[in-house]
Amino acid sequence: MSAILAVEDLVKTYRGTRKTPAVEAVRGVSFEVAPGEFFGLLGPNGAGKSTTLGCITTLVRPTAGRVTVDGIDVMRRPTEAKRRIAVVPQTRNLDRDLTVREVLTFHAAYFGLRKAERESRADRLLAEMQLTEKAGVKPLTLSGGLQQRLLIARALMHDPKVLLLDEPTIGLDPQARRLLWETLSRLHDGGLTLIMTTHYMEEADRLCQRLAIIDHGRILQLDRPAALKKALPGGRILDLWVRSPEPIAPRLEALPGVLRVEKVTGTGQEDGFERLRLFVDPKDGLLDRALQAVQGAGGDLQHVSLTQPSLEDVYIHLTGKELRE
Amino acid sequence: MTAFLALLHRDLRVASRNALPLLMGTLTQPILVVLVFGNILPRLHLVADEFRTVMVPGLMSITMMMAGVQGVLMPLTIDLSGSREVDERLLAPISVLGVAIEKVVAGAIHAAVAGLTALPAMMLLMHRVTGVEVHPRWAVLLPLVALCGLLSAAFGLTIGSQVQPRFSGLLFAVILGPMMLFGCAYYPWTGLAVIGPLQYIFLLNPLVFMSESMRMAVTPDVSHMPLPLLIVGTVGFAALFTLLGARSFEKRTIL
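As given, the protein sequences belong to chains A and B, one line each in that order. The first sequence lines up with residues 709 to 1033 when you count with our numbering. The second sequence lines up with residues 175 to 429 when you count with our numbering.
It is worth saying that the hints were derived from the structure and are not from the lab. Keep in mind that the hints are not guaranteed to be accurate.
[Unchecked claim] Just a few of them, taken from the derived set where beta-carbon distance is under 7 Å, the chain A residues facing chain B:
no., residue
1, L767
2, R769
3, K790
4, V795
5, Q798
[Claimed, not checked] Computed footprint of chain A on chain B; a stretch qualifies when at least three of its residues, placed anywhere within it, have a C-beta under 8 Å from a C-beta of chain A:
no., stretch
6, 177-185
7, 261-268
[To be verified] Derived CB-CB ranges, DEER-like:
no., chain 1, residue 1, chain 2, residue 2, range
8, A, D867, B, R187, 17 to 27 Å
9, A, E788, B, V368, 24 to 34 Å
10, A, D897, B, A347, 55 to 65 Å
In this text the structure is predicted, and so the values were computed from the model without any measurement. In this text, a Cβ means the ideal position worked out from N, Cα and C, and glycines have one as well.
Next comes chain A alone, as it looks inside the complex:
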């Protein structure tokens, strides 16, 4: 099956001004998305995800490279390309002067749908997104979650082949986020091709069939989430919460079966305890040896956990850092 979306050697450099230097936002990104696929671009803020999406949607002019949607070159035939895509942007750009219902019907009118078709689709999507009661109000009076659903309803009005979502769950509360996940899963089950950028691991892991991990404008790794996790050294993660008078990481790294040691910053540090993450190939006696190493350095061990690697671990391994939030 041929790709519904193909991005080839995409480069985007934002020209600098007298005061600001030029920014190489995307430095040669290539990927293909199959029809009906749920594809994710995962990376920190400033990685080049939104710029890549912008190039696909014609709102950003690429410096080099080619994007085709359903075989149509986005740069050469933007109007044709735009008929096939729909965008749920990161900033909620709902038309503040229209009502919720009009947001949908006018959007459909821009795409040339006939009146009867516009009205019946608006009715159906309002019901599907549980917005029927709000049809007469202005969109800016809606909560963030409802606005997000309206954005999706708007995007679906012209029956696109590809739906592009830029950080769709940012700023949503957990309940609204879950509801949105369900909606996206349902659309995917219905056969729609979805492309989503996110910096939430859980979201990417749960929804996306394939993921491109992107940083500094380049794709670092592209695979199914499970395959990405499997590719980590060792295949297991041993977290140790330790306190020690002398540096303990080099001792642990020297142990057989330990492939790499990283210091995890952030949660759960108290009383001088730090969290060390060991990428391990679990062998008999590894835990004993780790314990001995800690004791040998005169340290205390507070807590131990042996887990399957998560996408976050994959990310840290690839970029050497935690996601910048």
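On the provided structure of chain A, position chain B as indicated by the hints.
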């Protein structure tokens, strides 16, 4: 074309909902000027009789210029704000140029409505004042109103897409203010022969052509600039600003 008409439909729907404040905003000035210069001052014998006739087309052109600029500038400010509402238009199946021209046409309609409302309002206010010779020739007036509307809206797009929204107040003081004073609104361009060749510097001001157009259409007894110059100037400026405006709009919206 479908997308173009649908966008225009949306803009007119929104404008018609805000018709009262929009018209108040553009009509207040001409009405007050007419009240003072066309009604009070003549009764005090402080202005020449001819002035009342001369200022009517001038005030029409000022009203249209303000309405055209505002009709583009205000929606554009929202469009280009942090929430980027303009992106929805840009994602419609229409070229960026099409989106820009739609904005000009919507602004032009706004300007035309304002101009055509200002005229009867002014005549009503001066209906008991003697010596006012305003005789609109509708067949000439209507196409000229449309053309001048396009010019003013295109000018609005040009400045609106180049100036940061927070400076739009400054825009009215620094650009539109002087334009109005030197826009032959309160005196006919032909009369400027008294200042010698400097008369031709006035032709750099697009408002001059709008005032002279209205002069030709509503006060046939007052002399106006030669027709070829008037047409070339009005059409030329309208085309120039549409081109410049569309270009800076594209620069501003497509990264």
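Structure-based check of all given hints:
no.: 1; hint: L767; in the structure: 6 Å, holds
no.: 2; hint: R769; in the structure: 6 Å, holds
no.: 3; hint: K790; in the structure: 5 Å, holds
no.: 4; hint: V795; in the structure: 6 Å, holds
no.: 5; hint: Q798; in the structure: 9 Å, violated
no.: 6; hint: 177-185; in the structure: holds (count 5)
no.: 7; hint: 261-268; in the structure: holds (count 8)
no.: 8; hint: A:D867 with B:R187: 17 to 27 Å; in the structure: 24 Å, holds
no.: 9; hint: A:E788 with B:V368: 24 to 34 Å; in the structure: 60 Å, violated
no.: 10; hint: A:D897 with B:A347: 55 to 65 Å; in the structure: 58 Å, holds
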